[in-house]
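Order-wise, the sequence lines are chains A and B. What the first sequence shows, in our numbering, is residues -16 to 300, in sequence order. What the second sequence shows, in our numbering, is residues 4 to 448, in sequence order.
It is worth saying that the hints were derived from the structure and are not from the lab. Keep in mind that the hints are not guaranteed to be accurate.
Unchecked claim - Here are the simulated DSBU-like pairs of lysine-lysine, each with C-alpha atoms no more than 35 Å apart in a straight line: (1) B/K345 x B/K61; (2) B/K202 x B/K426; (3) B/K332 x B/K220; (4) B/K220 x A/K261; (5) B/K441 x B/K426; (6) B/K125 x A/K51; (7) A/K51 x B/K91; (8) A/K261 x A/K72; (9) B/K345 x A/K261; (10) A/K51 x B/K332; (11) A/K261 x B/K125; (12) B/K91 x A/K261; (13) B/K91 x B/K125; (14) B/K91 x B/K441; (15) A/K72 x A/K51; (16) B/K125 x B/K61; (17) A/K51 x B/K345; (18) A/K72 x B/K91; (19) B/K220 x A/K51; (20) A/K51 x B/K441; (21) A/K261 x B/K441; (22) B/K426 x A/K72; (23) A/K261 x B/K61.
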Amino acid sequence: MTIKLAPAKSRQPGPFAEIARAFTGLRREETLAGYLFLLPNFVGFVVFMLFPICFAFYIMLTEWSLSKPPEFIGLENFEVMLEDRLFWKSLSNSVYYTVVAVPTGIFIAFWLALALNRKMRGIIFFRTIYFLPQVTLTVAAATIWRWMYQPNVGLINYILGLFGIEGPNWIHHTAWAMPAVIIMSNWQGIGSAMLILLAGLQGIPEEYYEAASIDGANGWQRMRFVTLPMLSPAIFFVVVTSLIGAFQSFDQFLVLTNGGPADATTPLTLYIYNSAFKFLKMGYGAALAAVLFVIILIITIVQWQLARRWVFGFEDN
Amino acid sequence: MTRKINMSRRDFLRISGIGSLAAGTTVIPGLGAVMAQDDQEVTIMFWDGPPLIGIREKALAPFDDAYPGCTLNFTSVPGGPASGYNDKLFTSLAAGIPPDVFIIEIGLLPQFLADDLLLDLKPYVDADNYDLSNFPDLAIEAYTHEGGIYGMPDNVASIAIFYNQDMFEEAGAMMPTAQWDDEGWTVDDFFSSCEKLTKREGNRTTQYACDVTGWDKVWQTWVRIFGGQLVDDPFFPTECTLNEPGAVEGLQFYADLRWEHGFAPRPEALAEMGTGALMQTGRLGMFYSGSWAFPNYRESDFSIALGHYPSGPGGRANYVYYYPLVIPKTTQVPECAWNLLKFFNGPAMETIIREGGLQGTSFAEQEKWFITDPLPPANKHVMLDAARHFVAPDPVLTNFGEITQIMQAQIDLLMIGEERDAKVVCDEIVRQVNPLIKEGQWRSG
Chain A
-16 MTIKLAPAKS
-6 RQPGPFAEIA
4 RAFTGLRREE
14 TLAGYLFLLP
24 NFVGFVVFML
34 FPICFAFYIM
44 LTEWSLSKPP
54 EFIGLENFEV
64 MLEDRLFWKS
74 LSNSVYYTVV
84 AVPTGIFIAF
94 WLALALNRKM
104 RGIIFFRTIY
114 FLPQVTLTVA
124 AATIWRWMYQ
134 PNVGLINYIL
144 GLFGIEGPNW
154 IHHTAWAMPA
164 VIIMSNWQGI
174 GSAMLILLAG
184 LQGIPEEYYE
194 AASIDGANGW
204 QRMRFVTLPM
214 LSPAIFFVVV
224 TSLIGAFQSF
234 DQFLVLTNGG
244 PADATTPLTL
254 YIYNSAFKFL
264 KMGYGAALAA
274 VLFVIILIIT
284 IVQWQLARRW
294 VFGFEDN
Chain B
4 MTRKINMSRR
14 DFLRISGIGS
24 LAAGTTVIPG
34 LGAVMAQDDQ
44 EVTIMFWDGP
54 PLIGIREKAL
64 APFDDAYPGC
74 TLNFTSVPGG
84 PASGYNDKLF
94 TSLAAGIPPD
104 VFIIEIGLLP
114 QFLADDLLLD
124 LKPYVDADNY
134 DLSNFPDLAI
144 EAYTHEGGIY
154 GMPDNVASIA
164 IFYNQDMFEE
174 AGAMMPTAQW
184 DDEGWTVDDF
194 FSSCEKLTKR
204 EGNRTTQYAC
214 DVTGWDKVWQ
224 TWVRIFGGQL
234 VDDPFFPTEC
244 TLNEPGAVEG
254 LQFYADLRWE
264 HGFAPRPEAL
274 AEMGTGALMQ
284 TGRLGMFYSG
294 SWAFPNYRES
304 DFSIALGHYP
314 SGPGGRANYV
324 YYYPLVIPKT
334 TQVPECAWNL
344 LKFFNGPAME
354 TIIREGGLQG
364 TSFAEQEKWF
374 ITDPLPPANK
384 HVMLDAARHF
394 VAPDPVLTNF
404 GEITQIMQAQ
414 IDLLMIGEER
424 DAKVVCDEIV
434 RQVNPLIKEG
444 QWRSG
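Next up, chain A with everything else stripped away, as it sits in the complex (with noise of 0.2 Å):
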């Protein structure tokens, strides 16, 4: 049996003709129809985002164990968050972590780009290989990547041994726990990064290049005035994501190192994580996390600003 829908009557021209027939009539129930289709998304959006969201710029100003109701207590969290050590420390972790992790993210990206954006044999498998890290789950790759850090057997000083360097203990150092995360962070992220910039090379028209060429560019002008003008705006979008992802780093810190040792992989997530659910500061939590969503936030408006200057055709847009 088969259900066939009746169909729509023609449309009405007329913005405010649409709007008006949009509660009469027939209209009234296609724009019924439209609600209910969205309802499930909608609710599911309020209740799993909007309400979180709302409610802890709520709890940000109380003292919650969860065990018993809010306590107001205005911006007594945010004075104790500048006398808080472990705040500042999972900060700085953060902004290091930020910092490293995203412009050698991007430029390993944007070689990678480069490398695949050509026609050979073979060429979707390599983009193939240089994606799956992509969708492999974070704990599964963090659990293999702490066998590879190993000091004595791990294979990344294995192979590093074999160029006469003697390796480190990477996620029992202090000093050498953040680079691990970040290289095994890199290597799992740059996939998506690169797909975005490949796209963005495959969109750049090819007759730009042909009269650079003609014009007499070289390889390395080709690239600096087409190229990469070209690829700003992919650039840009790369930027602004992998930022606020690198701020909002989470699952690889917990499984490869879980903040140690001595807190020196503990980021600003983890922490908001730790304050919130293992000492059951649930309003000092929150109030991190504001901290966290200020910070992307200002950060994000600065890059936006910044946009004008080098993301070509910004301005148009």
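With chain A's structure known, arrange chain B on it following the hints.
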């Protein structure tokens, strides 16, 4: 044969609505039927994974028959408190629907008492003349607040030194004593045994004497052996005393076993082969663990036994777990929950101990079932004696979990060898922890 039906959107919406209504009315009478039953469902929640989860469930299965009118709902979130159990527990508490009986870490008890979350069991204990004398006094004291009793032990378990008897005999080293009041087996004897057990070939250590772990229960025990304490008064703490001479000396001695004397494997060696693997392969003489490690050594090709920690300037010490099972104040089935606690500490405990699940709660049961188990390791009475004589209370603070994490981060530096001076570490701990102790005090002495 297919038949096409032309349906307007209005018809579609009507049919959808009627369908939803029909589905809803089908479910609701079903719920009603469940609620109409006379049995009271009592939910208990643990944090065990296999094999303990199965052992507990099997042991508690006869509860329904023992207490007609009560129906057990057993649940467990495997992996211990940090692996999702606490998240689930706290979320259910916030929602006002916690399990009727659940286990908590002893460090959380002050917070729960301060928040007035738990049911006072004293009226039930009195009404049933329930004998608490068989449990460690300190455990019951820890569960007691302003005359009320707010928990019953889940397991009274101590830590012991597991040692390879064959290796000790071969090296001619003194073995850890199995007698709790033995005047021998001092820290000097321990050190001497470590010297004899450790074997080196050039720069490479082929056999380690002991383990040095960052496990807080172990380093805290070494602090006590040398006469130190975490805080001035565990029941009414006002300041951290970890930078006092005994505590510093104990930590320094413990860390030096690895970094100064090379008796214990370094982190890089442990990353290659964990403590258990080193022990199983005959490359480690002794390590610390609880009864949960027994199954790993049932079929070892060497003789394994349990011994006490050595005695030092502060005497002999140990850490004894006495995490409580508690009943929330909001439970709708307090009688069934109390009966379940009694059943757990009665008929179920025998099965749990005999199946190899836990050390046990009451001393009588431990004497009867735990220490008489003929399977390896030998000297199981060491754990019972430790539970009798060496219980040391955790500081009663509402934020002890947070304090532990801060202490642990600094201790890590000592354990991984980035800081070799225990005094530096202890001073930093005291500096960071003292303000938190003030914050976590919730009752005055």
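> Within a Cα-Cα threshold of 35 Å, do A/K72 and B/K91 meet the stated pairing?
Replying inline: OK: A/K72 and B/K91 at ~29 Å, within 35 Å.
> Does the alpha-carbon distance linking A/K51 and B/K441 stay inside the 35 Å limit?
Replying inline: holds, 21 Å
>> Hinted pair, alpha-carbon criterion (35 Å max): A/K261, B/K125. Please report holds or violated.
In response: holds, 30 Å
>> Please verify whether A/K261 and B/K61 have alpha carbons no more than 35 Å apart.
In response: holds, 31 Å
>> Can you confirm whether the C-alpha distance between B/K332 and B/K220 stays at or below 35 Å?
In response: This hinted pair holds, its Cα atoms lying about 31 Å apart.
> Keeping to a limit of 35 Å between CA atoms, is the pair of A/K72 and A/K51 held or broken?
Replying inline: holds, 30 Å
> Does B/K441 lie within 35 Å of A/K261 when you go C-alpha to C-alpha?
Replying inline: holds, 19 Å
> Taken at face value, is the distance from the CA of A/K51 to the CA of B/K125 at most 35 Å?
Replying inline: With a Cα-Cα distance of about 23 Å, the restraint between B/K125 and A/K51 holds, given a limit of 35 Å.
>> Need the status of pair B/K91, B/K441: alpha-carbon distance at most 35 Å?
In response: holds, 29 Å
> Regarding the pair B/K220 and A/K51, is the alpha-carbon distance no greater than 35 Å?
Replying inline: Holds. B/K220 to A/K51 sits at ~30 Å (cutoff 35 Å).
> B/K345 and A/K261: Cα distance at most 35 Å?
Replying inline: holds, 30 Å
>> Would the hint linking B/K125 and B/K61 be met if the CA-CA limit is 35 Å?
In response: holds, 28 Å
Of the hints listed earlier, there is not a single one the structure fails to meet.
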